[in-house]
Amino acid sequence: MSSLPSQIVIENVLQCKIRGKVAYQSYVSAVVGLQLMFVKPFDLPTGKGYQRPVDSKRCNDFATYLSKGEEALFTPILLNAASNWDFVAYDRQRPSYGRLICKGKASLMDGQHRMGGIEKYIKETNSDINVPFLAFHSLDEDEEIRLFDTINTKAKGIGPSLSKFLRRDSDDISWVATELISRRESPFYNIGSIIGKRTKGRHVTLQNLYRTLHFLTADHLISSLTKEEKLAVAMCYFDTIRQIFPDEWNDYKSYRLTHIVCLDALSIAGNQVLPKYIAEGKKHLDLAIIQRIVNRLSVDWSTEGPLKYLKGLSGSRALATNLKDQMLPK
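Numbering (my numbering), first residue to last: 523 to 852.
In case anyone wonders, no lab produced these hints; they're calculated from the structure. Keep in mind the model is a prediction, meaning the values are calculated, not measured. Note that beta-carbon positions come from the ideal geometry of N, C-alpha and C, so glycine has one too. Don't take each hint at face value.
Unchecked claim - Just the calculated beta-carbon pair ranges, DEER-fashion:
{"#": "1", "residue 1": "R720", "residue 2": "I540", "range": "35 to 43 Å"}
{"#": "2", "residue 1": "D608", "residue 2": "Y587", "range": "17 to 25 Å"}
{"#": "3", "residue 1": "S746", "residue 2": "K645", "range": "55 to 63 Å"}
Claimed, not checked - Below are the BS3-like pairs computed for lysine-lysine, each with C-alpha atoms no more than 27 Å apart in a straight line:
{"#": "4", "residue 1": "K627", "residue 2": "K642"}
{"#": "5", "residue 1": "K539", "residue 2": "K642"}
{"#": "6", "residue 1": "K539", "residue 2": "K570"}
Construct the entire structure; sequences and hints are all you get.
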């Protein structure tokens, strides 16, 4: 992915330091730049990807913007050369000015849609343009992800769902939510969206799931479980619900079961009931008990039924009271 067929040299480069990190500033022709960069998609098998899928409309819009000519200025793209580029000064008197010897590709951290638009523009116009860049000499994969996350969450950027995905290695609930959407055996596998974009059939975003899991795990007896145990509890709880109400779970239009207001209600109720079956001082919840508790539920989830006008957190809490009463033994 990051290899080049041959070395590429970039001239007129300024070397600098940014917060202790060596970086390079210059420009490169678009034709050469497209050979020098690659993108790490969020679903990279190594687990260290982070970029969302390209939005073709944004690329087309940028290509149209470039057609305005000299007034179409744009900011430098951000790269991680990952030690694949070596700086050579022109002379000792100016040690920070020289050339880059590029032996491999750089990871494109910020500017994916700009480069997509540039590629479209140069193909349609049979021309070439200079692309300014700022490249870090070497960031490790975690530093790269953190910088991408910071850049895109301070602006409109990537949105909360992909942000939670990127934080899955440092935040238990982000990890559990990601696993619930990613695992084939999960009830959310076919209805969840990691990148936060709702499409037909995928109406539960990672951010939605992150929020509802916070409700489910709010009690300290559950929050103190390991992330693997939290995942097992959440998986068992929601999968049992799916098995009891299979039609309702899979028909978003006709039933409200997987609408966020109802998922939150189920989580709030679960948080009020499940801890009663965890002995103080123990970090274990028998999954068979979860199934037995959930099997007591009897609810009309239809969109035209009693839950038709349910909305907001107040609606979730009201429904949760009813659900809790059903799950607790009489």
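Now for the hints, and whether the structure bears them out:
1. R720 - I540: 35 to 43 Å: For I540 against R720, whose Cβ atoms are near 37 Å apart, the range 35 to 43 Å holds.
2. D608 - Y587: 17 to 25 Å: violated (34 Å)
3. S746 - K645: 55 to 63 Å: holds (56 Å)
4. K627 - K642: Holds, because 20 Å separates the two Cα atoms, which is no more than 27 Å.
5. K539 - K642: At roughly 33 Å apart (the allowed maximum being 27 Å), K642 and K539 break the hint.
6. K539 - K570: The hint holds at about 25 Å.
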